[in-house]
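Residue numbers (my numbering), protein chains in the order written: chain A, 1 to 645; chain B, 1 to 288; chain C, 1 to 218.
One or more hints might be untrue.
Claimed, not checked - Listed next, the in silico SDA-like pairs over lysine to any residue satisfying Cα-Cα at most 25 Å (straight line):
#1 C:Lys103 x A:Phe599
#2 B:Lys261 x A:Tyr606
#3 B:Lys261 x C:Asn41
#4 C:Lys103 x A:Val587
#5 A:Lys620 x B:Phe5
#6 C:Lys5 x B:Leu21
#7 B:Lys261 x A:Gly617
#8 C:Lys2 x B:Leu21
#9 A:Lys27 x A:Asn170
#10 B:Lys261 x A:Ser352
#11 B:Lys261 x A:Tyr615
#12 B:Lys261 x A:Val558
#13 A:Lys356 x A:Thr613
#14 C:Lys92 x A:Phe599
#15 C:Lys127 x B:Gly38
#16 B:Lys261 x A:Asp619
#17 A:Lys620 x B:Ile263
#18 C:Lys5 x B:Ile17
#19 C:Lys127 x B:Gln37
#20 C:Lys140 x B:Tyr49
#21 C:Lys2 x B:Ser204
#22 C:Lys2 x B:Leu14
#23 B:Lys7 x A:Ile563
#24 B:Lys7 x A:Met560
#25 C:Lys5 x B:Leu266
#26 A:Lys27 x A:Val295
#27 B:Lys261 x A:Met607
#28 C:Lys5 x B:Ser204
#29 A:Lys601 x C:Cys94
#30 C:Lys2 x B:Gly38
#31 B:Lys7 x A:Val558
#32 C:Lys5 x B:Leu18
#33 B:Lys231 x B:Cys6
#34 A:Lys119 x A:Gln246
Stated by the list, open to error - Partner residues are not named here, just some residues of chain A that face chain B (Cβ under 8 Å, in silico):
#35 Trp450
#36 Leu453
#37 Val465
#38 Gly473
#39 Val584
#40 Leu605
What the hints contain is simulated information worked out from the structure, not anything from laboratory work.
These numbers come from a predicted model, not from an experiment.
Note that the Cβ used here is the ideal one computed from N, Cα and C, for glycine as well.
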Amino acid sequence: MTITIPIAVEFLIIFPFVMAVLMFCIKKASLLRNIIAGLGGFSIMAMAIWVGVQVLSKAGSTKNTYITNAETYDHIIMGGEILLMCIVIFLSIKYKKYYAILLSLIGTIPVLWMDLTGKAITGKSHLRVDYLSAVMILIVGIVGILICIYACGYMKDYHNHHVEVEDRSNYFLALLFVFIGAMFGLISSDNLGWVYFFWEITSVCSFLLIGYTRTEEAVNNSFRALWMNLLGGCGVGFGLMYCNMQLGIANLSQLTQIIPRTNMLVMIPVTLFAFAALTKSAQFPFSRWLLGAMVAPTPSSALLHSATMVKIGVYMLIRLSPMLAGTFTGIMITVIGGFTFFAASLLAITVSDGKKVLAYSTISNLGLITACAGTGTTEGVWAATMLILFHAVSKSLLFQTVGDIENCMHSRDIEDMHGLIIKLPRLAFIMIIGICGMFMAPFGMLVSKWAALKSFVDSNSVWLVLFLVFGSGSTLFYWAKWLGKICTVIHQSYELEDITPRSEMISLFPLTVMIIVMCFAFPWMSNNMIQPVLNEAFYKKIPNVIGGSDVVIMMIMVAMIFIIPIGSRILSIGKKSKMTMSYVAGVNAGDDRHYIDSFGKSRPLYMSNWYMTEYFGEDKLLAPCIVISAIIVIIMLIIVIGGSI
Amino acid sequence: MAMTFCKVLLYILLAPILGGLMEGIDRVVSARMQGRQGPPLMQPFYDVYKLLAKQTTVVNSIQILFVIAYLIFTVFTGALFFGGGDMLLVFFALSMSEVMMVLAAYSTNGPYSALGANRELLQMMCYEPMILLVAIGFYEAGGSFMVNDLVNVESPAVFKIPGMLIGFLFILTIKFRKSPFDMSTSHHAHQEMVKGLTSDISGSNLALYEIAEWYDEVLMMGIVAMFFITKNPISIVVAIVCCIIFYLMETLIDNIFPRVKYIVMLVSSWVVILVTAGTNLLILSVIN
Amino acid sequence: MKISKSPWVLHYDGSSCNGCDIEVLATMTPLYDVERFGIINTGNPKHADILLLTGGINAQTAPVVRQLYNQMPDPKVVIACGICSCDGGIFKDCYNILGGSDKVVPVDVYVPGCAVRPEALIDGVVKALAILEEKRVKVKESMKQGYCTVDYSKIAVRMKAEDYDPTTQYDAVLTEEALREQAEVKIAQTNKPAPKPAAPAAANAQPAAPKKDEGGNA
Chain A
1 MTITIPIAVE
11 FLIIFPFVMA
21 VLMFCIKKAS
31 LLRNIIAGLG
41 GFSIMAMAIW
51 VGVQVLSKAG
61 STKNTYITNA
71 ETYDHIIMGG
81 EILLMCIVIF
91 LSIKYKKYYA
101 ILLSLIGTIP
111 VLWMDLTGKA
121 ITGKSHLRVD
131 YLSAVMILIV
141 GIVGILICIY
151 ACGYMKDYHN
161 HHVEVEDRSN
171 YFLALLFVFI
181 GAMFGLISSD
191 NLGWVYFFWE
201 ITSVCSFLLI
211 GYTRTEEAVN
221 NSFRALWMNL
231 LGGCGVGFGL
241 MYCNMQLGIA
251 NLSQLTQIIP
261 RTNMLVMIPV
271 TLFAFAALTK
281 SAQFPFSRWL
291 LGAMVAPTPS
301 SALLHSATMV
311 KIGVYMLIRL
321 SPMLAGTFTG
331 IMITVIGGFT
341 FFAASLLAIT
351 VSDGKKVLAY
361 STISNLGLIT
371 ACAGTGTTEG
381 VWAATMLILF
391 HAVSKSLLFQ
401 TVGDIENCMH
411 SRDIEDMHGL
421 IIKLPRLAFI
431 MIIGICGMFM
441 APFGMLVSKW
451 AALKSFVDSN
461 SVWLVLFLVF
471 GSGSTLFYWA
481 KWLGKICTVI
491 HQSYELEDIT
501 PRSEMISLFP
511 LTVMIIVMCF
521 AFPWMSNNMI
531 QPVLNEAFYK
541 KIPNVIGGSD
551 VVIMMIMVAM
561 IFIIPIGSRI
571 LSIGKKSKMT
581 MSYVAGVNAG
591 DDRHYIDSFG
601 KSRPLYMSNW
611 YMTEYFGEDK
621 LLAPCIVISA
631 IIVIIMLIIV
641 IGGSI
Chain B
1 MAMTFCKVLL
11 YILLAPILGG
21 LMEGIDRVVS
31 ARMQGRQGPP
41 LMQPFYDVYK
51 LLAKQTTVVN
61 SIQILFVIAY
71 LIFTVFTGAL
81 FFGGGDMLLV
91 FFALSMSEVM
101 MVLAAYSTNG
111 PYSALGANRE
121 LLQMMCYEPM
131 ILLVAIGFYE
141 AGGSFMVNDL
151 VNVESPAVFK
161 IPGMLIGFLF
171 ILTIKFRKSP
181 FDMSTSHHAH
191 QEMVKGLTSD
201 ISGSNLALYE
211 IAEWYDEVLM
221 MGIVAMFFIT
231 KNPISIVVAI
241 VCCIIFYLME
251 TLIDNIFPRV
261 KYIVMLVSSW
271 VVILVTAGTN
281 LLILSVIN
Chain C
1 MKISKSPWVL
11 HYDGSSCNGC
21 DIEVLATMTP
31 LYDVERFGII
41 NTGNPKHADI
51 LLLTGGINAQ
61 TAPVVRQLYN
71 QMPDPKVVIA
81 CGICSCDGGI
91 FKDCYNILGG
101 SDKVVPVDVY
111 VPGCAVRPEA
121 LIDGVVKALA
131 ILEEKRVKVK
141 ESMKQGYCTV
151 DYSKIAVRMK
161 AEDYDPTTQY
171 DAVLTEEALR
181 EQAEVKIAQT
191 NKPAPKPAAP
201 AAANAQPAAP
211 KKDEGGNA
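Use the sequences and the hints to build the structure in full.
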């Protein structure tokens, strides 16, 4: 039997669920579990890469697949929706959070009613594997699976340290695989009903993952994530119903082919989907669920923040992007995105918890992606897709490294990472590459940011330009000070025991290598991955977004990154330098960590970073940001929906 | 191609001389403003020569790497600019070189260096928006991000983006480490935080840092000149005269203002950027 | 070009009555304007060439002076400013005063006066510049011999008042010197031509005869 792309995609969707069942059955952390997870994970990854390569290498091969036995699948999906609703209702009653029930019912019941009464339209296709899907499949297949493999090793260490948490790691791993399956489903389905189903799976899965430890904080945060995502789910649900019952559209691809100017009503579902995307990708005012998601063990944060959950929202926006160009919804989405980018990067300055900084940085970068997609220009979509790629890899690497550092040092506070380059050199180097990937010049994020700036200027959105320039100033601040903490060299410091197991390194090394390779391969990626996405999204041939000479300069910069260490090594061979202690006003007490006070006693000396909490503290900035953006969202919904009606 | 190569080579060779002279002039003029004779014009060169001749003490071995990286990236940034490259890329490379210097200070683990590094980062946060806005302003005015195209315009950019020029001159005070914003290296008040960023850098490393600063100054003045240069060769003379005036103005500001607190710097620079450059951008986009 | 065209100064107050310190700062003011000679008050030993010491040095300041001296890169000179710094002055017999800067670090130029006059101080600095130039030649030669490749990071300058012992008052300086000697022995063993000139600090090891003739204006 020859494998065709639709079959491969079906495998990608169904097999993770099978893996989840297997994982759930193996209760204890053991070699067997690691082997099964590894084998299953790598086979999923291999299949994802195969699909990606197949699609990307064949020009113009958008595959819309009509599945003949869709009836069965539709029944399964309906059953699944009811199951999800039951889970939410059960847990809501258990933890006495009744508002979640309401949102779940509002979202699910009408959709079920529509399906059961036969008002739903049978579309032309169910699955669609185009370039954007292929890029997303590659991200989920590689980054997501690496996180799952990392989780096998991590959870063992986690339960060694956190004895108070009940060991349900089989349940945790199973959820991760369910998540991956739902992701594959979402990015390759074209039928809006299916999109809605997978959307709800990810919402409920993230809710269960966040609540894993069952502490009070975890439960509260998980319910916060649940209600926000269910609200978004309601948006998708209503949009789906409107499409089916008013517009007679059942597929996403049909929706995006309509030119908004000819039919203003089409903006209603588009706005609803965009609203749902805002909740999923944790834009203000819905950011707090992502911040709360940190309470869960690191793999789930890595999965939610980098490759999967939050990327659904921006994936949706990129799909809708050509329709958003020049519309009121588009303007509002870009304003929210730009505002989120700026505000979240200011907030990231004020926190010292490593994972929290990463969370704010995720929100901030997603804001940028949202803003790019909202402009609806070609450069915007180019930048958004590039940002998704680079962000997924860098961020998952950073989350995993912070998790490992936490396991080694029992702290994930940035202040405790002082001198990490001496204490845990291997992890520190990985971390440095990850951080550089997030903001330094030749690495992808910055290059994409540069394209984003161009697209904002071209689309004449002044406010967005201002948000972006001020936001990048603060982005620089929080990343550079973290980098500085890691690079500090402390005298007479000693190396800590690096207990990172090999299974975690299997995940860390490929990601590190990927960041560096992507840095070199970036012109190639632009031509062969992103450019086709643009052609497809705008239904015409788009001229190359990045010019030739810029690529040359960028390549020189990349080369310099590697030449500098070697060059300065050569330069410092002939140099005779004397080692001294750092200057502490002449009162060092033998090393650079102690000084002698006026009583002749030696005291520890420590310089903390600046957090400027008195100016941009969470307690000062977070509430106003949420209020402002909530007002923007409400205005958007009222004007678009009210205006169209 | 050969032309570009010549320009870059000329920059690499001449910028340190020009930068050193600029600093010498600054010191002499400052001294005269304070009613004293001041050092010889060539003093910055004497200083760097001496530093190169001295023994180098280091706190750790990666410090050297970061300082060298700072120099290389600064030279690269300037070469990119004078070679006629993309303005946005120039500024991204510039911020990268600054980060290298900050890391050099962080790596020493000295209290004064760490303080200087934090303040330097804050300074970067203050001027980074303006620097990016300047690139965007040139794009709006001249229709291109490439320096080569921007110097071949009909009318000088300053007619279209005067607000950008004011904002840029404001942040130039931060960039040149002049009072009231000499936060991170403590240009005048040596006692408060010693030499901040460069406290633990000595000997030839400090000389490299000084040379990098010269390159940086020339680059900054080059950007100021961009506001005036057009197709017409006479405009180059105008640009040079304007550069001299603005440079002396920075010296004057340096001498008449006391240093401010860091939060005053942050708020004032952001407000100035928003008011001047932001308004300018808004007007431009409305006109376009 | 001479390196003495840009002498950067570090000033340390080793328990003086502040008279000399005021004069030292007065030297930096527009009236005397030492920046004419390229002199800058750096306040940082790592940038400094000349160490200006005032006051008779007590047990508490001795380790600090030593550490500052050690953190200054070669070539470096030390100027004792004022009579207290030269030999203790009127505080010489105080229980806590060691009696002059040369009890802790090798001093090159002695500038007397109570308090030291700015003119005398400038004169002293100019004298010091000649010594700086001499030392620079020595450093260059000893650098060629490779003594600077020694790892000095192990020198711990950790002293408390009770640790102070007049017999080992040069300990920090001598430790460094001992390392240099070791390095020279090592070089000799590798059959390289024997280092002719002594390392610079070795020349300062005997500050026995203070050159009181400096600073004639006082």
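**Q.** Violations among the numbered hints
**A.** Going through the list in order, the structure violates hints 5, 12, 25 and respects the others.
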